[in-house]
Structures are given as structure tokens and as C-alpha cells.
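Line order of the protein sequences matches chains B and R.
All the letters of the first sequence, read from the start, carry residue numbers 1018 to 1438 under our numbering.
All the letters of the second sequence, read from the start, carry residue numbers 1262 to 1431 under our numbering.
A couple of the hints might just be wrong.
To be verified - Subject to a maximum C-alpha distance of 16 Å in a straight line, what follows is the list of computed EDC-like cross-link-like pairs (lysine to aspartate or glutamate):
no.	chain 1	residue 1	chain 2	residue 2
1	R	K1342	B	D1250
2	R	K1342	B	D1087
3	R	K1328	R	E1297
These are computed hints drawn from the structure, not numbers from a lab.
Quick caveat, the model's predicted, so the values are computed rather than measured.
Spelled out from the first residue to the last, the chains are:
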Amino acid sequence: MAVTQLELGKRLRAAREACHMTQDEVARHVGVSRATIAQMELGNRAVTSLELDRFAYIYARDMRQFVSGDPEEDDSLVALFRLQPEVSGQDEVFAALRDCLALGREITNLERLLEIDRNIAALAAYPLPPPRTKWEAIQQGDRIAAEERRRLGIGSVPLPDVAGLLEAQGVRTAQVPLPEDLSGLTLAESDVGVLVVANRSHHFLRRRFSYAHEYCHVMLDREQKGAISRVSDRESFQEIRANSFAACFLMPGSGVQEFVRGLAKGNPSRLEADVFDEDGALHAQARPAPGSQKIQMYDVVLMAQHFGVSRVAALYRLKNLKLIADSEFEALKAQEERGVGAEVAQLLGLPEPDHKQARNEFRHRFLALGLEALRRGEITRRKLGELAAGVDVAAEELDSVLAESGLEEQDDAIDLLLPGD
Amino acid sequence: MADPKPVRLVVVDACVLINLIHVNRLDILGRLKGWEFVVPEQVSEEISEPGQVRILHEAFRDGYIRKEQSTEPAELGVYAKLRQVMGRGEAACLAMAHARNWMVACDERGRFHRECRLKLSDQRVLNTPGILLLAIRHSVIDAEGLSQNNRSTLARAPGGQMQGAATQAM
């Protein structure tokens, strides 16, 4: 049932306050005066459909929440602002959140139209108390990564497609250009489901890490309805836990050890064993050739390539697993900073990930949903155009794809429509 | 004396406007007696090519068409729902026509046309060929009124391969 103008005004005011915005700020976004906003909120001035569109975007809400049914009391944006109140004052971050939520709603809508079922009930949850120390956070992340790998039955193999893995678990994933400080975010609410966003501006390998990081938030922090992952918050225990999870999930300890053993490295400087025969034990020992066990930059390059992580992430993992000493870590990290890692990768002929192509993975998936919805007559051509524009696809590009794929209606036998004159 | 026939109000979608702009005959919409054509703000915003914007503004200035906005909450409710499946302009047209018992002029097929028929019935939907036929019947244009050149232009117009239908209207 439709609401009254007075009720609409109240909902607009509540949404504004939830976003910690002033009437002045909203007025600037909508392109009207502050007094007009005040009158709208009091129910004295009608709201046009065009303005309603603007309000929905500014407050990152579904437009329907303002004009019909019961308003959503506590959406993910409100939850995020409660957790991180400073975010509402950061225009760039807030704008990114708006884009993410708008995109999340469009994905949800397309999937609903196409009857794609997301079974988020099957999504794993690990109820753990919040970590109290950094060490506890690291341990929790490590343990949950191992448990989740076990639950998924993926052993210790590398994960070629992290976003795909999340999708298979019922988590929607997206890539949106975010401010540099933001690596990703997680949003969980009834009309969006669980949405994980990675920063499209970041490198492909960093995005993989971000997806794994956010997956930790999905499993451990989704009761909070959301999480924003910022480099500047990296000291927070939740972020430490998620980073530990991501490293261990992408590079499981047993997998890394196996990989290093495959290089015939990673053994201690002295190998010892006792053979017991019920009467006593025979002791044997061997020493690997001096320096033979030392991990080199080309080993790091190979390991990073194998697990689909950055060389620096691989270095930290090797250090944490005690496969390299602190002094070796520092020396290799210094080499990496001098560009040696990149040169070695080139020398070995290892393909660098196609960054541009990888950036467009999400766009492909999103547009494919849109094209299918158009083909099935679930959305209009104009709606598809708006969706495409939302992921930076030029109108001409879309026109050409539609014409070539036969999805554009070419039939020239258009009925003449004229009701009785 | 019988009451004069009430004015029929029609909400016009962007495709129809663009088709008529292409043949430079937006004036037709202002010359059909007993008919009034309105354009939602969203539709007006969808026309962005500078030459077309100029012609559209001239049509507003000359009173051939006028702008209209949805402000009733019930109408906004319909608009919000329709936005799930259609573009801003389309949703604005259909919400307005539905809530006010007006007609819609659109050339889109597929989902939009289906929703129009569902919400308005066939008796409240017309398109560019229908408007051209109406213009002929009202002697606003004659069969030769649209030159061959104009028909070709109409055929190339985006959103509507109108040549066959234009010929049908002639």
C-alpha cells in the first residue's frame, strides 16, 4: 500500500539522519535548496519521481522502501556507519558504498528475475569470540582457513578462482573502483544478500587476496551486516584475523610445505632420524649440501605463481611458516623492492596476469545476466542500457553487441498501434 | 449541445520523440486536436544528443508538448516497482499513464510493451506509426507529407525500424 506524503517525508528524514547527512548536503546532491529539503521532510512539498531516484541513490536505499510497505529499519549502511561512524563523513568512501549497494541491488534483482537461487543458508559461519590480541587474531584466521578448506574438500591445492569459489558458496561478488585505502567490503542485508566487493582499481592478485579477506568477514562477522576493509584499519584485530585467514586460505601451510619440498628445499641444515628395532635405536644423520636449502627469489616467484598471490604475500607466508629465517626474508624483500622479482618472473617466462582482462571478469558476469534477462523479456532494452552504463560500458558498444548477437529486435513488421480515434 | 470530446492525454516515451525529431516533425504532437502529449522529466533527460535537445526544447517552447512530473505517492510506488525492470523514462511514462488513466506512446516492444498492455490495455497504447496515421486523419500531414527522404530517415532512427510501419501509416 502506498504511503502518504507525510510518511514519505518522515522516511526521507530518517534515511538522511541514518546517513549522518545535513539537509544542506542533501540539497546540494539533489539540486534544490535546503528549505525545499526541509519542506519535503515535513510532508509539505511533494517529491517528484526524479527526486525520489536521487534520494534512493544518495541514501543508498531501494526506492521502494520510501513509498511502499514497511521501511527497512536497519540496513547494512546504517550498520556500517554504526561500526565505523567516521565513514559517513568521508565523501569518497560514502560514494563508493552507494555505488556498491546500488550494484548489489541490481545483481540481486537480475538473479531474482532469472530465478537464480542463492542458498546463503548453506554459507558457513564460525561463531568465534572476538579476538583479544593480535596473536589470537592470527591464530583464529589460520584455524578457520584450515577448517573451511576441510569443509569445502579442497585440501591444500591452489585456488585458481577465488571469486568463483565465493559465488559457489552463495556470496555475490563485484568489482567496483574504490578509494585507494579501501581494499574491499562486505555487505549483508535482506534485499542484497551477502555481497563482497573488491577494489577494481587494485591489482588482480591483490583483489584475490581481498576476496579471501572478505570471505573471512562473511563467515565470522556477518551478524554485523557489513565490514569495510581499509589499509588504515589493518591494526584492528578483526582485520588482522581476516588477513591471516586470507594468507592461510590462499596458501595453506601444508600446500606451501609440499611445494617447497618439491623444490628439494626447506629442510633443516641437519637431517636426523632414529630407527628403532625393539632392542635399541640406530641413529642416522645427513647434512644437505651447504646453501642447498636456501630459498631464492626464483623459488618465491614460482611459489607466488603457483598459489596466485603476490611475491610479497608469498614471502610473508614463507616467513610465518619458518621456511625462511627473518634475515632471509629481509634480504628477499629488499630484492623484491628493487624489482628483482619482476625481472626473474620475466626471465622464467611466467605469464603476468592479464590485469585488464581480469578487471573485466565481473563486468562480463554482470552483463551476461543483463543480456539473459533481456533475451527472456524480463527487462527492457533501456534498463539494460542503464545497467551497462553502471559498469562503464559505452552505449555504442552495447548496441553493437546486441545487433551482432541477434538480441536486438530486427523485425520491421511493427504493428501500427492506434486506439479508436 | 453535446459536450466536447474530452482531450486525450498521452505520455510520450523517448523513442517516439526521437523518431519524430529525426523527421523534424515534433510539431505534429501539438497540432492534433483533442490530443495532448506530455513528457516526463526523465524522458526529457534521456535525449542527450545536442541537436535533438535543441529541437525538443523548441517543441516545449512552442507548446507542442509539455513536461509533467509524478508526485503522488501512489504513482511513485508504481514508478519504484517498474524501475526494477525498465529504464527511468519508461517507468515514468507507464507509472504516470497508469495512475492517471492516460495513454502511452512508445515504440518499444518486449517487456515494456507487455507491461503497457497489462497495466493500460491495448486501448491506451499507441506508437509512432499510429501518431502518423492520426496526423494524416487529422490532415496535419498528407500521405506525401513525409517525403521519401523522411521515411528513409525514420527507417534509420534508433529504437524503431519504422519504414514498414510508416508506409503502413501512409
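Here is how each hint holds up against the structure:
1. R/K1342 / B/D1250: Violated - the C-alpha atoms of B/D1250 and R/K1342 are around 39 Å apart, more than 16 Å.
2. R/K1342 / B/D1087: Holds - the C-alpha atoms of B/D1087 and R/K1342 are around 15 Å apart, at most 16 Å.
3. R/K1328 / R/E1297: holds, 11 Å
Checked against the numbered hints given earlier, this structure breaks only hint 1.
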